[in-house]
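Listed in order, the protein sequences are those of chains U and B.
For this note's numbering, add 19 to where a residue sits in the first sequence, where the first one is 1.
For this note's numbering, add 2 to where a residue sits in the second sequence, where the first one is 1.
Read the hints as simulated data drawn from the structure, not as lab findings.
One or more hints might be untrue.
[Said to hold, decoys possible] Sample of chain B residues at the chain U side, in silico, Cβ under 7 Å:
| hint | residue |
| --- | --- |
| 1 | 28 |
| 2 | 72 |
| 3 | 81 |
| 4 | 84 |
| 5 | 95 |
| 6 | 123 |
| 7 | 125 |
| 8 | 183 |
[Unchecked claim] Just so you have them, the derived chain B footprint on chain U, three or more residues with Cβ under 8 Å:
| hint | region |
| --- | --- |
| 9 | 301-312 |
| 10 | 341-355 |
| 11 | 409-421 |
[Claimed, not checked] Pairs of lysine-lysine residues, derived as BS3-like cross-links and limited to a Cα-Cα distance of at most 30 Å, are as follows:
| hint | chain 1 | residue 1 | chain 2 | residue 2 |
| --- | --- | --- | --- | --- |
| 12 | B | 73 | U | 386 |
| 13 | U | 386 | B | 125 |
| 14 | B | 143 | U | 386 |
Think of the CB as a built atom: it goes at the ideal place given N, C-alpha and C, for glycine as much as any other residue.
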Amino acid sequence: MSQVQMRDRPHVPWWNEPKNRGYVYQGLLFIVLAFFAYEAVTNASNNMRARGIPTDFSFWNKTAGFDVNLTLIEYSAAASTYGQAFWVGLLNTLLVAVVSIVFATIVGFAIGIARLSNNWIVAKLATVYVETLRNIPLLLQLLFWYNAVLKPLPNPRDALAVPKITFLVPEFAPTVICLALGLGGWLITRRARLIEGVAVIIANAFGSLLMLAALGVWLFGGSGVASVLGQGVVAFGGKAGIYLHNRGLIFPEVHLTDSAWMMGAALLAAIAGAIAFRVWARRVQRSTGEQQPVGLVATILIIGLPLLAYFAAGAPASFALPELRGFNFVGGTRILPEFAALMFGLALYTASFIAEIVRGGILSVSKGQTEAANALGLTRAQGLKLVVVPQAMRVIIPPLTNQYLNLTKNSSLAVFIGYPDLVQVFAGTVLNQTGAAVQVIAITMAVYLVISLVTSFVMDIYNKRMSLVER
Amino acid sequence: MAASSLIKTTPVTNDIAVEISGMHKWYGEFHVLRDVNLTVRRGEKIVICGPSGSGKSTMIRCINRLEEHQKGSIVVDGIPLTNDLKRIDEIRRDVGMVFQHFNLFPHLTVLENCTLAPIWVRKMPQKQAEEIAMHYLSRVKIPDQALKYPGQLSGGQQQRVAIARSLCMSPKIMMFDEPTSALDPEMVKEVLDTMVQLAQDGMTMLCVTHEMGFARQVADRVVFMDRGEIVEVNTPNEFFSNPQHERTKLFLSQILH
């Protein structure tokens with residue numbers, strides 16, 4: 020036995036054993052790296068000390084002394100610290116990221132589904148959108164939105180005012196038009212082939228939306244267009260209190276009275292009620308097979324209850340109209356052009372990638388799945404809900420998260436158009452004023468790293484739970 | 003007496019499961035199905051064969067409207083097939099279909115695959131749907147796999163689940179679209195055995211298949227199609243021993259070596 024082993028593994032000098040060589044090389048590499056790290060740290064701290072650059076974090080509690088034009092928390096130049104400036108910047112980053120993610124998702128899904136439409140024009144328009152926006156550098160797009168779209172707007176004195184609109188035609192006319200459009204779309208959907216389910220339904224919805232948008236432009240758009248086409252349909256009188264100019268979009272500020280909490284409470288109650296109804300509906304279906312219109316009931320609850328509360332509380336909201344005083348507006352709520360430009364740029368750019376992800380996800384579910392669902396007697400909507408969408412979402416969600424992370428990281432380009440995000444406020448102004456470059460940059464990097472790693476971690480758990488069970 | 007004679011007259015029309023008359027279908031310019039006429043009586047077992055591209059699959063897919071025909075009429079179980087979605091759904095509920103590539107839902111367990119349609123289409127309580135599903139899974143001899151996912155099963159087992167899934171809707175007609183063509187040879191038998199058993203229970207069946215042994219054993223009639231036409235319809239005995247048409251003879255010589 021031992022003889023056999025001896026013959027199989029003849030004696031090898033220890034330095035020729037691959038395992039031993041591996042240890043030696045790794046040991047050497049570790050020593051070299053440790054040496055470089057030590058050199059870098061001591062060198063940097065010596066130099067920084069020699070030049071009087073701070074190497075600690077004591078700046079964190081010192082007074083900042085500079086203003087920020089968008090703050091979600093209490094902040095003032097005189098009373099706030101650099102630490103508070105950090106939180107202001109971080110919150111601004113999160114604000115623009117969250118709002119952009121919501122918009123990018125909506126636009127991305129619509130465009131992705133439109134690309135699958137069997138309506139030639141809708142599909143081609145969506146293709147042009149995707150191919151244009153994802154092939155132009157994001158920074159250039161941000162500069163476009165900021166410098167070419169929002170900056171050329173008139174100054175506050177000549178602000179574009181959205182007029183108050185009064186309908187001269189019977190009030191039911193727009194409703195009738197919307198209904199007719201919706202009915203048309205629905206009829207088309209019914210007659211369309213059963214097999215291309217997803218594309219037909221949503222493309223038609225999208226097409227109807229486009230038509231509605233066109234109608235909206237016709238009714239509410241520039242007064243020039245309206246005066247030609249809309250004569251006798253709409254009257255413009257007074258001001259609605261919404262102004263657009265090169266310092267932002269101003270709209271009436273909502274002032275809530277004491278009884279306004281009733282609306283919030285009603286909304287919470289409606290959400291709880293909708294969830295409870297869904298649970299109850301599932302239980303009823305499991306035991307009797309009866310199905311309840313969950314979506315309809317939830318919508319009615321969530322819209323109806325707060326509305327009821329609003330009237331029950333005696334309309335507890337008033338609107339403060341913005342007023343032009345001197346060179347600027349006073350009162351009202353303002354959306355910064357920097358915010359709008361960053362939001363449009365990030366959302367529309369990322370939407371082009373999301374569109375491709377959505378298209379790929381839907382195409383990844385084979386036609387056989389829809390056919391099997393239909394052959395069993397499931398309606399098209401049921402087939403989508405129970406068979407196609409659950410499978411498509413598995414394919415869509417992981418790369419979608421990636422895009423959300425990309426968007427969040429890309430929001431640091433805010434610095435180029437002057438939106439006060441984490442990079443502009445903290446890694447910009449704070450760094451310049453304190454000189455604590457290493458600490459500030461390290462903190463900023465750590466923030467982005469933590470956001471990304473936490474998201475990846477959560478997605479990993481989700482993916483493990485959702486992945487298909489194969490042999 | 004009068005009443006009983008009245009009852010007797012109604013089953014005459016009701017005796018027909020599927021009636022296809024003068025059906026044509028085009029894919030663009032390509033004429034896939036030409037003047038197809040076929041009447042299937044209740045309880046009858048039909049085997050459809052023919053060279054690839056002859057339109058066999060397309061024909062049975064027209065019966066439950068997975069494909070649309072452009073001319074002629076199809077009446078399934080007394081319901082004429084039109085563009086009316088309600089009627090199409092009604093027909094699909096009563097016509098089961100088994101596909102070449104199984105088309106099981108990979109995100110659902112075997113049991114959930116079987117209960118999905120009864121719960122959402124037949125509005126059945128979950129417990130009852132599961133009992134029925136277990137009954138049919140036992141009949142196709144895989145009740146022990148109920149909680150596994152399709153990806154964990156062999157091809158033969160998957161196809162048997164697909165058969166059970168269709169049976170859970172208690173269809174009046176079962177259609178098979180080359181159910182054994184995607185299987186490894188050693189799994190063909192288990193699926194064919196299941197189909198033979200189903201035939202013995204009196205199910206109305208339309209099978210597109212190249213399994214000539216199955217055709218001999220089970221079929222009441224064999225339909226031979228070529229280039230979108232029904233060339234010959236005959237009993238299996240006559241069909242195999244005394245084919246009438248040249249094209250049939252050529253096809254049989256190619257597949258029965």
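Practice item. Confirm or reject the coverage of the region 301-312 of chain U by chain B under the rule of 3 or more residues with a beta carbon closer than 8 Å to the chain's beta carbons. Key: holds (count 7)
Point to revise | residue 28 of chain B as chain U interface residue, shortest Cβ-Cβ below 7 Å | key: Because about 14 Å separates residue 28 of chain B from the closest Cβ in chain U, which is outside the 7 Å limit, the hint is violated.
**Study point:** Outcome, coverage of the region 341-355 of chain U by chain B - at least 3 residues whose beta-carbon is closer than 8 Å to one in that chain
**Key:** Three-residue rule not met by the region 341-355 of chain U, so violated; n is 0.
Practice item. Count the residues of the region 409-421 of chain U whose CB lies closer than 8 Å to any CB of chain B, then report whether that count reaches three. Key: Result for this restraint: holds, n = 3.
Check your understanding: Once the shortest beta carbon distance from residue 72 of chain B to chain U is found, is it less than 7 Å?
Key -> violated, 13 Å
**Study point:** Hint check, residue 123 of chain B versus chain U [nearest Cβ-Cβ separation less than 7 Å]
**Key:** holds, 4 Å
Review point. Does residue 125 of chain B pass the interface check with chain U, least Cβ-Cβ distance below 7 Å?
Key: The hint holds - residue 125 of chain B has a Cβ within 7 Å of chain U, the shortest such distance being about 4 Å.
Check your understanding: With 7 Å as the cut and Cβ atoms as the points, is residue 95 of chain B at the interface with chain U?
Key -> holds, 4 Å
Review point. Residue 73 of chain B and residue 386 of chain U: Cα distance at most 30 Å?
Key: Cα-Cα ~25 Å, so holds.
Review point. Has the given pair, residue 143 of chain B with residue 386 of chain U, been kept, meaning a C-alpha gap of at most 30 Å?
Key: holds, 29 Å
Review point. Given residue 81 of chain B was flagged as interface, is its beta-carbon under 7 Å from a beta-carbon of chain U?
Key: violated, 13 Å
Review point. Against chain U, is residue 183 of chain B within 7 Å by beta-carbon distance?
Key: Violated, because the Cβ-Cβ distance from residue 183 of chain B to chain U comes to roughly 14 Å (cut-off 7 Å).
In summary, the numbered hints that this structure violates are 1, 2, 3, 4, 8, 10.
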